[in-house]
Structures are given as structure tokens and as C-alpha cells.
Amino acid sequence: MTNSSSDLAVSLRGITKEFNDGEVLALRGIDLDVPRGQKLVLMGLSGSGKSTTLRVLNRLHDPTSGEMTVLGEDPMAMSARQLRRFRQRVAFVFQHFNLVGRLTALENVMAGALGTLRGPRYGVMTYPNAMRHEALAQLERVGLGDQAFQKAGTLSGGQQQRVGIARALFQKPELVLADEPVASLDPESSRQIMELLLKVCEEDGLTVICSLHQVELAIEWADRMVGLRHGEIVFDRDASQITIADASTIYASTDPEAA
Amino acid sequence: MSVMETVRPRVLRPPKDKKRRRLQLVGLAVIALFGVALWQTGFTPWNVWGRMDSVVNLIDRMMPPSFVDWQRYVVAVIETLWMVLAGTAIALVLAVPVSALAARNITTGPVAYNICRFIITLTRAVPSLVFALIFVRAIGVGPTAGVLAMGISSIGMIGKFFADRIEEIDMGIVEASRASGATRIQTFFSAVLPQVMTNWISLSLYRIDINLRSAVILGFVGAGGIGLELQRVQGQMVYTRVMAIAIIIFVLVLLTERLSAMARAAVLGREAPAKENPFSLRAMYRGLTARRAGRGGAAPLGAAQAGARDADLQRARTPAWRRPKAEGRISVGWDVFRLRRWIMGVSAVVLTVGSFVLLGFGPVQLIAAIQDIVPYVVSMFPPDFVTNFTRHLDLMLETIWMALAATVLGLIISLPIGILGAKNATFHPIAEKLARFSTVVVRGMPELIIAVLLVVAFGMGPLAGVLALTIGSIGLAGKLIADTIEDTDLSKQNEAMRAVGSSWLQRTVTSTIPTVMPGIVGVGLYMFDVFVRAATVMGIVGAGGIGLALDASIRGRQMDQTLALIIMIFITVYATERFSGWLRRQIL
Ligand SMILES: Nc1ncnc2c1ncn2[C@@H]1O[C@H](COP(=O)(O)OP(=O)(O)OP(=O)(O)O)[C@@H](O)[C@H]1O
Ligand SMILES: [Mg+2]
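The listed protein sequences correspond, in order, to chains A and B.
Just so you know, the first sequence maps onto residues 11 to 269 in the numbering used here.
Just so you know, the second sequence maps onto residues 4 to 591 in the numbering used here.
The set of hints was computed from the structure by calculation and includes no laboratory data.
Be careful, since some hints might not be right.
Unchecked claim - Derived DSS-like pairs: lysine-lysine, alpha-carbon spacing no greater than 27 Å straight-line:
1) B:Lys495 - B:Lys436
2) B:Lys21 - A:Lys161
3) A:Lys182 - B:Lys495
4) A:Lys161 - B:Lys436
5) A:Lys209 - A:Lys182
6) B:Lys426 - B:Lys436
7) A:Lys161 - B:Lys22
8) A:Lys161 - A:Lys182
9) A:Lys161 - B:Lys495
10) B:Lys426 - B:Lys495
Stated by the list, open to error - Derived DEER-like restraints, expressed as beta-carbon distance ranges:
11) A:Arg38 - B:Gln27: 33 to 41 Å
12) A:Gly167 - B:Arg13: 50 to 58 Å
13) B:Trp585 - A:Lys161: 37 to 45 Å
Here a beta-carbon is modelled for each residue, glycine too, at the ideal position from N, C-alpha and C.
Produce the complete structure using the sequences and hints provided.
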């Protein structure tokens with residue numbers, strides 16, 4: 011890594027995370043620098059700490075020890091108010107979409123801007139008109155313009171994740187964290203959704219950190235691949251130098267669960 | 004995209020569809036009716052604020068509570084407890100045949116079925132206080148009237164529950180028993196009863212909890228026990244003693260609730276995990292709404308299958324040492340649970356017999372009481388709807404306005420308490436504890452007792468009644484809403500909400516409330532149901548509504564009007580139940 015620190019979107023030093031009072035060691039000292047604009051894919055077996063790493067980055071989890079700088083700031087030193095503003099700049103795309111099923115797709119997208127709004131909102135009409143138009147534009151961008159007023163819970167899985175992506179984009183983030191965004195989808199929509207996610211992030215020049223199980227998809231879209239095992243980085247390479255066989259080693263042998 | 008832009012309306016709003024418009028209409032109607040209800044019941048901010056000094060004054064006169072008469076109170080509390088046991092026992096004895104005949108699968112014929120279903124509907128819809136008023140007049144002040152009132156008015160709920168459980172049993176066993184030539188009675192005891200016993204015992208224990216509350220209230224109209232003491236000191240206007248008795252009632256109700264819950268847990272043993280206790284308030288409420296929704300023909304079958312699956316599960320869950328051994332003696336081995344059940348069973352019988360003995364309530368007294376009651380009831384016929392009809396109609400409307408005002412006010416107060424009291428939606432664990440605590444505290448005070456105190460502060464009239472019901476809603480709706488929210492999985496969507504940097508209030512309004520909205524509406528409708536029932540008797544203590552006329556007609560010995568009023572109450576309560584069921588289907 012030849013970048014100076016100001017060009018880094020993320021910089022982790024010795025990040026550890028324990029659960030249940032040290033019973034589970036999910037992360038055992040992660041060091042990671044991610045330059046701005048990079049599309050990084052996290053790989054690893056189930057339980058290797060991918061979700062935990064992503065959640066630490068926007069402090070959905072607090073790390074147990076270590077230092078981190080995200081978008082030039084230290085999330086650990088923030089007040090509740092500062093954290094809310096910081097989270098506006100970091101969007102999160104979830105494996106299970108995490109939409110409010112009883113709200114319309116449009117409202118779910120606009121909820122992405124709650125951090126910048128003051129006070130609570132109930133119903134489409136309580137958001138500014140300009141915001142409604144903007145949210146519709148984002149939905150059109152992910153191909154869901156016609157479903158804007160459909161309840162999110164009634165959309166198909168692929169459509170729901172499109173709403174999740176539109177919500178993330180609506181935040182106007184600098185960094186997008188995606189935790190297995192296509193793991194609950196069939197192969198065809200997986201490909202479409204990954205394509206969409208990375209295309210829009212490229213258009214907007216965003217940094218993306220995405221955990222992913224599909225090796226081919228990862229090689230196709232990532233700039234860089236990082237492999238985790240038992241909460242440690244065991245693999246870190248440019249995607250251009252990688253073959254499917256290389257990547258598969260992360261999932262292979264030494265780990266008993268992989269057998 | 005550019006084409007879209009030109010077509011797009013300047014102000015982007017949701018399309019108008021039928022369902023949306025219907026919901027808006029219902030919402031507007033409720034708001035408008037709520038306004039009318041507030042105005043009709045005199046529940047205006049200035050009215051409430053204007054009386055605040057008399058509330059303060061009353062509290063001042065109630066402090067410090069005076070327990071000088073404590074011996075009397077101890078005796079009265081014990082009498083109340085005996086009344087509850089005796090009343091529940093009578094109800095159980097009467098409910099068994101009624102429920103057996105009201106169960107579609109083992110009834111003897113359509114005539115018996117319909118008669119018994121009607122008895123259940125009738126005793127469910129007419130408040131126990133109405134029975135108590137009549138019995139006190141007929142046989143005099145004292146616990147006998149209370150015991151009989153409780154016995155009769157509990158048939159409805161117990162009978163309905165019993166009958167529903169019988170309808171869910173595995174009929175194979177029953178048919179096998181019939182095929183072997185057993186009589187109906189033999190079949191009932193050998194094939195039906197064993198399948199429903201645990202549930203029945205559990206419900207009986209729950210009913211004891213409910214009957215304690217009603218015993219306190221019945222006492223207030225002269226049916227003995229601690230309620231009678233309350234009426235006495237309240238009549239003498241010695242408010243330090245009123246306070247003392249209120250505290251005693253409070254402790255008594257909460258203790259019984261705890262004890263009944265513990266006893267139920269002991270009966271169910273390991274068979275039901277604590278959270279699925281079928282007699283929690285939440286389960287009762289859910290059962291009510293579910294059964295109402297699925298009153299088709301297919302429902303009992305589905306339930307029966309579910310029951311069978313439960314039984315399989317239970318068998319699988321039973322540890323090996325508890326399963327009967329295949330070889331050796333043919334008897335169920337003794338274990339801790341069986342022993343505990345036996346001890347509980349024997350003590351229940353001893354206590355029940357004891358309660359009749361101590362209350363001096365035997366067959367002779369029962370016959371004497373019936374001899375007094377029958378001519379009294381006969382004198383009620385034919386009902387006189389004509390005299391005072393407009394006044395009665397006005398009071399009935401007032402009753403409904405009271406229930407409506409209290410329901411909406413109650414929801415407004417209970418919603419935040421329910422949200423704060425739900426582990427998965429609260430602001431802070433301490434807020435959760437406080438909210439839960441407040442619901443428990445309010446449940447310790449029967450609404451009618453609150454009304455008695457409020458009448459002193461606010462004067463006679465519906466205002467006191469509405470206020471009492473509103474306060475009572477915290478215990479009912481606050482708990483139900485909190486439980487409903489805890490049963491909903493909000494973790495995922497609220498995680499996303501946190502990740503976009505929303506505040507707790509924003510999460511609550513944008514994610515939590517819309518998600519549990521159907522539940523909240525359901526609680527509201529259920530509350531309206533309960534409050535109409537409760538509001539019909541508020542007038543008996545002067546807190547507004549039809550109860551006022553009922554009380555007056557009994558005092559004035561115009562029994563034909565009393566019967567007319569009871570019929571009006573029955574129709575109103577029954578119609579409300581139907582109406583709220585219909586509205587639920589329209590909205591949800
Ligand atoms: N909230 C939690 N409480 C306790 N332990 C947790 C919690 N979250 C994660 N863990 C543990 O931390 C470890 C890492 O989990 P993590 O979810 O980060 O794995 P992952 O790589 O995302 O796996 P997957 O591919 O299954 O999503 C696991 O052992 C997991 O059991
Ligand atoms: Mg994960």
C-alpha cells in the first residue's frame with residue numbers, strides 16, 4: 011500500500027472483538043488499509059468474522075481493542091450525535107435487506123436520510139417533496155420506479171435488495187459496507203444485484219467493502235480480495251493476480267469445517 | 004429518464020387506492036367520534052384541570068393511611084378469599100356440564116348445544132356486578148350474594164374456554180371408548196376429561212385471579228369481604244381508612260396474581276415453557292382475536308391437528324425417566340411433579356370445602372337463597388322498556404361515549420408505555436423496567452375502585468368513569484402492546500435504521516410503530532370491548548353511564564325496569580363484541 015493516510019477510506023490497526031465476555035473471539039487483531047475508491051471483497055468461512063469486521067466499521071459493534079480511522083475520523087471517539095452524522099457517510103447493505111416491510115419502497119429509501127433530518131417521520135408525505143423526487147430517482151436507477159409505492163414486504167427478494175441499495179445510495183455515502191448482499195438470492199439475481207451495486211458505486215466513485223461467498227463474482231468485480239479465517243487476515247491480494255483456484259484455498263483444507 | 008421527468012407530477016404523493024381511502028375514512032371517523040365522546044363525557048382539559056385542586060385535597064385527606072381497624076380488615080380479607088374459592092368452585096361445577104354440551108363434537112344435540120352456548124354468551128356479556136346487585140337485594144347483604152354472583156357470572160368465560168378445549172381434543176379416543184360400549188358419562192370421564200384436565204385446572208387458577216378482583220368490587224355493593232369494608236369507610240368519609248383499604252386491596256390483588264401464576268406454572272410443570280403459558284393476558288387476548296377471526300368450520304380441525312402435534316412434541320420432550328416404563332407394574336411412577344400435583348389437588352379440595360364451611364354456606368343456605376332469589380327474579384317479568392326509556396337510552400349512549408373516550412385516551416397513554424416496556428423497542432433498560440412496573444402497579448387497582456376514589460374528587464358523572472378507565476388502560480393495553488412488540492422481530496430493520504444514523508425517536512416512529520400497527524389496532528378494539536363492559540357498571544358507584552339507572556331501578560324496586568336495563572346491557576355488550584370483530588376484519 012503506497013497511499014498516504016489521507017487517501018485511505020479505512021485504516022484498522024490491531025482490531026479485536028470479543029463476544030460474551032471473551033467467550034467468543036470473533037476478531038483477533040485485524041490490520042487493514044483500504045484506499046478511497048477501492049472495491050474490496052472480504053472472503054472467509056462462516057464464522058470467520060466478516061460480518062463482525064463490517065459492523066465494527068460503522069460501530070454497530072464496538073471493537074474490544076485496537077485503533078481505527080474511517081473516512082478520516084475516529085468513530086470510537088464520537089458522541090452519539092457525531093456518530094449519527096458519521097453513519098450518514100457510511101451506508102450499509104444487509105444480507106436480509108432489513109427493510110421495514112410495512113412501509114412502501116419509497117419510504118424505505120427515504121429512511122436512508124433520517125440521520126440528516128430532524129424529528130421523526132411517519133408516512134410519505136412527511137418528507138420534503140424534493141426528497142420524495144430524489145428517492146424516486148434512486149429507485150428508478152435500481153430499476154424499481156414502478157414499485158415505489160408498493161409495500162416493501164411484498165417485493166421479491168431481489169427487488170428488496172434493490173431497495174436496500176437505493177436506500178444506501180440515498181444516503182450519499184462515501185463508503186458502502188455490504189454484508190453478503192446476495193447470499194439470500196438465487197444465482198441469476200445475485201449476478202444482477204452485484205452488477206448493479208458495483209456499477210452504481212463506480213459511477214458515484216464510492217469505496218466498497220463487501221463480504222461475498224461467490225468466488226467468481228468476487229474475481230469479476232473486486233479490485234482486491236481479503237480472506238479471513240478465525241478472525242485473522244490470512245490472504246490479501248489484488249484481484250487481477252488471482253485465479254479461482256487461489257481464492258478457493260481460503261475455503262479449503264486446514265479448516266475442519268471446510269471438509 | 005428525461006421522459007419520466009416531464010411526466011412526473013410536481014408534488015409526489017402516494018396513489019389513492021381503495022384500501023387506503025377506507026383506512027383514512029375509519030381514522031377520521033374515530034377522531035371525530037372521539038371528539039364527540041370527550042365533549043359528551045365532559046372530559047375537557049379545563050374540566051380536568053379545574054378539579055385538580057380537589058384531587059390534591061382528596062390525596063391530602065387520605066394521608067397518612069390509617070390501619071387502626073386492622074383486625075376488621077384481616078377478617079374481611081380472609082372472607083374475600085373464601086368467597087373467591089367458593090364462587091370459583093360453584094362456577095366450575097356448573098361450567099362442566101354446560102361446556103360439555105356446548106362443545107360441537109360431544110354435545111347431545113342442537114337444542115342442548117344452542118341452549119348452552121346461549122348461557123355462555125349471556126353470562127359472559129352481563130357483568131358480575133349486575134348479578135351481585137340483584138342477589139344482595141334478594142337475599143341481603145353478605146358474602147352469599149357475592150359467591151352466587153361470582154359463580155354464575157364466571158360460567159361464561161370458563162364454559163367457553165372449556166368448550167373450546169373439548170372441541171380440540173383427539174376424537175379417536177372418544178370413538179374408541181364409545182365403541183367399547185361405554186355410556187356418555189363414562190366416555191366423558193375416561194376419554195374427554197383426561198385430554199383437557201391440565202388446561203382446565205390451569206384456567207381455573209387463572210379465574211381465581213380474576214375472581215379476586217371481582218370479589219373486591221362485588222363487596223362494594225354489599226356482597227361481603229374487603230369491598231364491603233371499603234364501602235363502609237367510604238360512606239363515613241374517613242379517607243385515611245379508605246386509603247388503608249385501597250392499599251390492602253392493591254397488595255392482595257398483586258399477591259394473588261403472583262400466586263396464581265406460580266400455581267399455574269407448577270401445574271403445567273415442564274409441559275409448557277414459561278413464555279407460552281396459555282393463560283397469560285397476552286395468550287388470552289390472542290386466543291380471543293384468533294378464534295374470532297377463524298370462526299369457520301375448518302378451524303377446530305386445524306386446531307386439533309396442532310394439539311396432536313403438541314402432544315407428540317411433549318412426549319418427545321419428556322425425559323426418559325418420566326416416561327412410563329414398558330415392563331413391570333402397570334402404574335404411573337411417582338415423581339416430584341406427580342407428588343406436587345397430588346398435594347395441590349388435595350389442598351384445593353380441602354380449601355374449597357373449608358371455604359363453604361367457614362362462610363356458613365351449605366345446601367340449606369343455598370336452597371334458602373334460591374327461594375329468595377326466584378320470586379325476586381320472577382317479579383322482574385315482564386321487562387318494562389317503556390318507562391324512562393329516553394333516559395335509559397341517553398345513559399346507554401353515555402356509556403358508549405365513555406368507553407370510546409377511555410379507549411382512545413388509553414391508547415394515547417399506553418402506546419408510549421408499551422413501546423418503552425418492550426425489550427426490543429425501549430430507549431433504555433431502566434425505562435423498560437419503569438414502564439413494566441407501572442403496568443403492574445395499575446393492574447393492582449381494579450378500575451371500579453379507582454372510580455370510587457375519583458368520584459370523590461371529581462364528583463358524580465362520566466368524567467370520573469372515563470378517567471378511571473383511562474388509568475386502568477395502562478395495566479391492560481400497556482402490557483398488551485409491550486407484549487405484542489416483544490413478539491415482533493424488529494432487530495433487523497432497526498439495525499438498518501441505526502446504521503443510517505437515525506435517532507431512537509425516529510426509529511420508533513418510522514420503523515417500530517408502522518410494523519406493530521395491526522397489533523396496536525387490535526389492542527384498541529379489544530380495549531373498546533372490555534371498556535364497554537366495564538362502563539356499564541361504572542354508574543353503580545356514580546361514575547356515569549347506564550349503571551346509574553340500574554342501581555336506581557333496583558333501589559326503587561322497579562324490577563321490571565331492571566330487567567329491561569339488563570337486556571339493554573346484554574345487547575350492547577354483545578353488539579359491541581360483534582362490531583369490533585367486524586371492524587377488525589375491515590381494517591386488518
Ligand atoms: N452478537 C454476537 N454475540 C455473540 N457472538 C457473536 C455475535 N456475532 C457474532 N458472533 C460470533 O463471532 C464470530 C464471527 O461471526 P461473524 O458473524 O462475523 O462471521 P461471518 O464471517 O460473518 O460468518 P457468516 O458467513 O456465517 O455470516 C462467530 O463465531 C460468531 O458466533
Ligand atoms: Mg455474516
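Hints versus structure:
Annotation: proposed proximity of Lys495 (chain B) to Lys436 (chain B) holds, straight-line Cα distance about 23 Å (limit 27 Å). For a cut-off of 27 Å, the pair hint linking Lys21 (chain B) to Lys161 (chain A) stands: about 15 Å separates their Cα positions. For the suggested pair Lys182 (chain A) and Lys495 (chain B), the alpha carbons sit about 22 Å apart, so the restraint of at most 27 Å is met. Taking the CA atoms of Lys161 (chain A) and Lys436 (chain B), the gap is near 34 Å; set against the 27 Å cutoff, the hint is violated.
Taken as a hint, the Lys209 (chain A) and Lys182 (chain A) pair is honoured in the structure, with Cα atoms around 15 Å apart against an allowance of 27 Å. The straight-line distance between the Cα atoms of Lys426 (chain B) and Lys436 (chain B) is roughly 9 Å, inside the 27 Å bound, and the hint therefore holds. In summary, the hint linking Lys161 (chain A) to Lys22 (chain B) is supported, as the alpha carbons are separated by about 13 Å, within the 27 Å threshold. At most 27 Å may separate the alpha-carbon atoms for a hinted pair to count; Lys161 (chain A) and Lys182 (chain A) meet this at roughly 24 Å.
A threshold of 27 Å between alpha carbons decides the hint, and for Lys161 (chain A) with Lys495 (chain B) the separation of about 17 Å falls inside it, so the pair holds. For the hint linking Lys426 (chain B) to Lys495 (chain B), the alpha-carbon distance of about 15 Å falls within 27 Å, and the restraint holds. With their beta carbons about 56 Å apart, Arg38 (chain A) and Gln27 (chain B) fall outside the hinted range of 33 to 41 Å. As the Cβ distance of Gly167 (chain A) to Arg13 (chain B) is approximately 34 Å, the hint placing it in 50 to 58 Å is violated.
About 24 Å separates the C-beta atoms of Trp585 (chain B) and Lys161 (chain A), a value inconsistent with the hinted range of 37 to 45 Å.
Of the numbered hints listed earlier, those contradicted by the structure are 4, 11, 12 and 13.
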